[in-house]
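With the hints as your guide, set chain B onto chain A.
Line by line, the protein sequences give chains A and B.
The first sequence begins at 1 in the numbering used here and counts up by one.
The second sequence begins at 1 in the numbering used here and counts up by one.
Treat the hints with care, as some may be off.
Just so you have them, the derived chain A footprint on chain B, three or more residues with Cβ under 8 Å [unchecked claim]:
| hint | segment |
| --- | --- |
| 1 | 10-22 |
| 2 | 109-121 |
| 3 | 143-154 |
Don't read these hints as lab results, they were simulated from the structure.
C-beta: ideal position from N, C-alpha, C; glycine also.
Here is what each chain is made of, one letter per residue.
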Amino acid sequence: MHSNRLGWLLLAPTLLVLGLFGVVPFFYVVWVSFHQWNPFAANPDMIFNGAENFRRLVFDEAFLASLGATVSFVFFAVISELVLGYMLAQAFMKDFPGKGFFRTIHTLPLIMAPIIVGSVWKLMTTPSIGIIPNLLDSWFGFDLNIGQSAAAAFIVTVVMDVWHWTPLVTLSLIAALVSLPQDPFEQAQIDGAGKRQIFWHVTLPMIAPAVLATVFIRLMDALRTVDEVLMLTGGGPGAATRYVGVHIFKEVFPRTNYGYGSAISVIVLYLTIVVCWLLYVGMLAPRNTGKG
Amino acid sequence: MKRRHPWLYLLFWIAVSFLTLFPIYWLFVISVKPAVDLFSTPDIILKSFYWQNYIDVLNDRTLRGYMVNSLVISSGNAVLCTTLGFLACYALSRFDLPGKESIFFWTITNRMAPPAVFLLPLFLLMTQVYRIGDFTLLDTRIGMILVYCTFNLPFAIWTLRPTLDGIPKELDEAAYMDGASPFKVITEVVFPLCRPGLAVTLILTWVFAWNEYLLAATLTNFSARTLTTGLSEYVTTTGTEWGIMAAISVFTLIPALIVFGLVQRHIVTGLTFGAVKG
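So here's chain A without its partners, still in its complex pose (with noise of 0.2 Å):
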């Protein structure tokens, strides 16, 4: 074959695209991070402080609850769309009238911008003027408000979040579900395994790999929602709602703790690239494996 300069070259606009606009902010934020620095306080100045910022973050309830409702929301949302989608995938896999007509229906949502979707979420559970809350009131004389309950405001982000994102996940496992070999599965009904030993021993191992590649897509980005939660609930009520990405923007604007918003942040993004690259190390392993 050539030799790898040509390898390198051919690499080389990627590197310095994602040096210049991803490593070099990266570095800028990490040096902040060991700083005081809030421009818009009484003194201006980046103050080095040392491990301050971290130290502080060990023992900060309001990030340490964020942190912790961030784990719920990703947790819920992750899973409920890779249930939904596995479901709508495999409904997907039966010959039925207007096939086509209804996969572009489902992916429709997934073109919408966050901010849009966080729109109109907003306006269809605004107690008392949303619909919403206005069909469970009269439906079943539920009260949703997600202005003062807590889990009402968690269960919407969530709901808003599986609404969006589940097309993806469906259109993933699709891929996945339509380039497997079908002897294993003629094999298994031959041998008398019902459906559910079916699901488990046959088609969840072989889509393993693709389950793991849609977990991690689904994970990164759930993990750095923020457009569409700070227009449906702004956090509220209270912090229920105040996901790790919403909860360094309200720091870094609003307040403008420059600092700490970075350090924050320094601590998000290590703590993401550790979960996935467990993830992908799980997806790696059975390719390895079966070549070896």
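Relative to the frame of chain A, chain B by itself:
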């Protein structure tokens, strides 16, 4: 296996589609209501249409400018990311570069960064560091095209890698034997085989760029301002003009819908993010 009647699936999908479409329908409902009606008890069925919001939006020259900016930025970014991602994946897939798997994983970490805190360094870099004389990248289309690469280029690389890994190396080797140049191999052997993957990458990066809000809100003022940021200008301290916002939202949906419709048939075969191929 038990075969259920296809009409049952049809019924099931009609129910699912109703749930999927409802928020989009509601967006439309809001866009054709006068502002006063929004604060009364809502009705599911539309009784009258009020087109003034659309007329206002269409007559707004500023918004037309934003629309053009959005189109230029997202198309430019999608083409740039898909091209660079394709070349990078060819390098990652065909060459034995030291540390290439680390580079591959590193690219995606750029997408994981919490966006809010990176606004400041990007702002400073674009105004003070990356400049040629008086020309700065702030509030320029080219600047936004480059900034959007931070989240779209990694996505492109991760979506295209399995496609390129799936193409047998023997094909390129045979072409090299016949005396083809690397350029010829990439454009005439590998490229045609990657079409479904490239189409999906192009469309998804386009949609991500088209829908981006936070970066555009900070890094543009007027001349490169996009439609999504135009939306937020209607959220003011005195109240939000939801009708106009909804009408603009409907306008942002239409181009995305058209572009998406063009590659529908590729989307299933091409969507293989990460290491899907076993």
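Going through the hints against the structure:
1. 10-22: holds (count 8)
2. 109-121: holds (count 13)
3. 143-154: holds (count 6)
The earlier numbered hints are all upheld by this structure, with none contradicted.
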